[in-house]
Amino acid sequence: TMTRMGSLCSRFLLVITVSLQSVCTASAHPCHCQYPPLLYFRSMMCCQKRDHFSKLPPRSIWTVAAAFLSVPVAVAESRDDGRHLAEVATVNGISLGDSVSLSFEPLSTDSIQLEVKLATSAWVGIGFSKGTVTSMNGQGEGADIVVCASGDVLRYFVTGYSLGSGVSVAGASCTQASSETTLRFSRTLSASSSSEIDITPGTGQQVIWAFSEGDSIALGSHGGNKGSAIIDFSSGAVAEAESKSGTPLLYLHAISMLIAWAGLGPMGAIIASRLKVGKWFQVHRGLQSATVIATIIGFVAILIGTDYKHFDSWHANIGLLIVTLTILQPLNAVLRPHKPSEGEEKSNNRKAWEMLHKVLGWLLVLAGLCNAIGGVLHVRELSYDDTLFGVTLSLFLLFYVPYIVVAVFSCVWPNRVGSYLHLVDAPVEKDDLPDEDQQQ
309 TMTRMGSLCS RFLLVITVSL QSVCTASAHP CHCQYPPLLY FRSMMCCQKR
359 DHFSKLPPRS IWTVAAAFLS VPVAVAESRD DGRHLAEVAT VNGISLGDSV
409 SLSFEPLSTD SIQLEVKLAT SAWVGIGFSK GTVTSMNGQG EGADIVVCAS
459 GDVLRYFVTG YSLGSGVSVA GASCTQASSE TTLRFSRTLS ASSSSEIDIT
509 PGTGQQVIWA FSEGDSIALG SHGGNKGSAI IDFSSGAVAE AESKSGTPLL
559 YLHAISMLIA WAGLGPMGAI IASRLKVGKW FQVHRGLQSA TVIATIIGFV
609 AILIGTDYKH FDSWHANIGL LIVTLTILQP LNAVLRPHKP SEGEEKSNNR
659 KAWEMLHKVL GWLLVLAGLC NAIGGVLHVR ELSYDDTLFG VTLSLFLLFY
709 VPYIVVAVFS CVWPNRVGSY LHLVDAPVEK DDLPDEDQQQ
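Take the sequence shown: its letters are residues 309 to 748, numbered as in my numbering.
Keep in mind that the hints are not guaranteed to be accurate.
[Unchecked claim] Cβ-Cβ distance ranges computed for the label pairs, FRET-style:
| # | residue 1 | residue 2 | range |
| --- | --- | --- | --- |
| 1 | 655 | 614 | 44 to 54 angstroms |
| 2 | 417 | 632 | 50 to 60 angstroms |
| 3 | 646 | 670 | 20 to 30 angstroms |
| 4 | 406 | 622 | 41 to 51 angstroms |
| 5 | 557 | 529 | 24 to 34 angstroms |
| 6 | 644 | 460 | 29 to 39 angstroms |
| 7 | 473 | 644 | 42 to 52 angstroms |
| 8 | 625 | 427 | 44 to 54 angstroms |
| 9 | 670 | 613 | 25 to 35 angstroms |
| 10 | 670 | 459 | 21 to 31 angstroms |
| 11 | 522 | 398 | 48 to 58 angstroms |
| 12 | 705 | 646 | 41 to 51 angstroms |
| 13 | 641 | 502 | 47 to 57 angstroms |
| 14 | 655 | 622 | 33 to 43 angstroms |
[What the hints assert, rightly or not] Listed next, the in silico BS3-like pairs over lysine-lysine satisfying Cα-Cα at most 25 angstroms (straight line):
| # | residue 1 | residue 2 |
| --- | --- | --- |
| 15 | 552 | 534 |
| 16 | 584 | 534 |
| 17 | 425 | 438 |
Hints listed in this document are in silico derivations from the structure and should not be mistaken for laboratory results.
Quick reminder that beta carbons are idealized off the backbone N, C-alpha and C, glycines included.
Whenever a hint applies, use it, and build me the whole structure from the sequences.
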């Protein structure tokens with residue numbers, strides 16, 4: 309915008325200068341006109357007397373002023389035209405990891421050519437992410453990504469954890485040979501739309517990359533094959549991108565979900581399955597109720613604690629399924645069919661309910677356990693700092709190891725484990741037990 313304004317001002321003042329020069333030519337002091345208007349000081353020197361200059365026609369004075377003002381504007385415009393070309397460096401082979409390298413060079417005043425090489429035949433992508441904190445989507449604000457896959461080059465603007473639909477990049481090439489993949493494309497330095505990100509030579513900006521976790525040339529999962537760096541395109545200088553810090557709500561989400569699904573939920577399930585002694589039913593009901601509360605807290609925390617798209621990753625989608633089933637499971641228990649009287653056979657509805665309750669319960673335990681492990685790994689995948697990763701990993705081990713110990717020993721010594729858990733010594737109300745336990 310400033311460049312266009314400078315150009316318009318320069319042309320406007322030049323028109324004024326040329327127009328008013330004709331007035332000078334017709335004046336009574338031709339010495340003012342024997343030099344070009346830009347050299348108005350020299351024009352003044354040809355008139356030996358000061359009063360000669362004071363006798364200039366008023367419009368001639370404006371001629372001199374207009375010519376003088378046109379000089380810095382024209383120079384500024386000229387410098388702006390060559391600004392990008394002067395700032396973008398030619399750099400070859402910047403290492404972005406063990407397998408990926410980046411080269412770039414200026415093509416014109418506002419365009420650059422980039423080349424990415426991958427030391428295997430697979431899909432590869434590179435992009436520009438907003439901010440300096442490591443993020444594959446600019447922490448929800450967007451990343452401008454170009455991908456070479458299946459011989460095609462597509463451009464994506466990503467705000468979540470899925471690419472969506474891409475746009476073909478004109479003039480780009482994607483060569484996937486037997487032992488190397490080369491992505492080459494050019495683009496303007498300035499963004500041409502809101503779905504693109506500027507390249508800013510002279511300022512470090514975040515460059516992200518990823519490639520196939522296998523040898524697939526078709527676009528798919530990158531797994532841990534990804535990274536980011538801060539690169540200055542005027543020099544090729546590379547710096548490490550900052551790791552993200554966990555927010556209080558993210559910590560609350562992680563702690564609540566790990567308590568629920570690495571500790572309370574599995575423990576309640578194993579007690580109902582292997583430790584039906586003493587007051588097991590009250591303990592089971594208490595643990596599962598606490599699991600529901602912890603799950604809801606964790607769900608609400610992550611729902612309001614993130615500023616990017618929700619349910620845009622496998623971890624989030626499994627989590628949504630777990631939350632839904634967790635809420636339905638206690639409702640299922642409340643609405644269970646009436647238990648038969650002593651000596652009566654269970655109704656088909658009762659049998660179906662018991663089967664459904666057990667299947668849903670163990671499905672939740674397994675899904676919760678997998679997502680708890682996945683959540684710990686997801687922290688690393690999203691490039692959070694070591695503090696959050698250490699806290700989540702430690703909590704997982706703290707809660708899950710006791711469950712494993714109880715599960716193993718309950719298969720061998722259920723009564724002994726029950727006494728250790730204070731399940732046996734307490735009196736049990738008959739109405740608090742399920743039908744099958746009342747009959748035993």
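Exercise. Do the beta carbons of residue 522 and residue 398 sit within 48 to 58 angstroms of each other?
Worked result: Taking Cβ atoms as reference, residue 522 and residue 398 lie about 34 angstroms apart, which means the hint is violated.
Exercise. Regarding residue 670 and residue 459, is the given constraint of 21 to 31 angstroms on their beta-carbon distance met?
Worked result: violated (46 angstroms)
For this session: Starting from residue 425, check that the Cα of residue 438 is at most 25 angstroms away, please.
Result: Measuring from Cα to Cα gives roughly 23 angstroms; hence the hint holds.
Problem set entry | Supplied distance hint 20 to 30 angstroms, evaluated on CB atoms of residue 646 and residue 670 | About 24 angstroms separates the Cβ atoms of residue 646 and residue 670, which means 20 to 30 angstroms holds.
Exercise. Are residue 406 and residue 622 spaced within 41 to 51 angstroms by their CB atoms?
Worked result: Taking Cβ atoms as reference, residue 406 and residue 622 lie about 26 angstroms apart, which means the hint is violated.
Exercise. CB of residue 644 to CB of residue 460, is that within 29 to 39 angstroms?
Worked result: The hinted range 29 to 39 angstroms is violated for residue 644 and residue 460, with Cβ atoms some 56 angstroms apart.
Problem set entry | Hint check for residue 644 and residue 473 - Cβ pair distance inside 42 to 52 angstroms | holds (47 angstroms)
Exercise. Quick one, are residue 552 and residue 534 close enough, alpha carbons at most 25 angstroms?
Worked result: Holds, at roughly 15 angstroms.
Exercise. Should the hint that residue 655 and residue 614 are 44 to 54 angstroms apart at their CB atoms be regarded as holding?
Worked result: holds (46 angstroms)
Problem set entry | Verdict for residue 641, residue 502 (Cβ pair) under range 47 to 57 angstroms | The hinted range 47 to 57 angstroms holds for residue 641 and residue 502, with Cβ atoms some 50 angstroms apart.
Exercise. Taking the CB of residue 417 and the CB of residue 632, does the distance hold inside 50 to 60 angstroms?
Worked result: 56 angstroms Cβ-Cβ, so the 50 to 60 angstroms window holds.
Exercise. Is the hinted range of 33 to 43 angstroms satisfied by the C-beta distance from residue 655 to residue 622?
Worked result: Holds: the Cβ-Cβ distance is about 40 angstroms, inside 33 to 43 angstroms.
Of the hints listed earlier, those the structure fails to meet are numbers 4, 6, 8, 10, 11, 16, in rising order.
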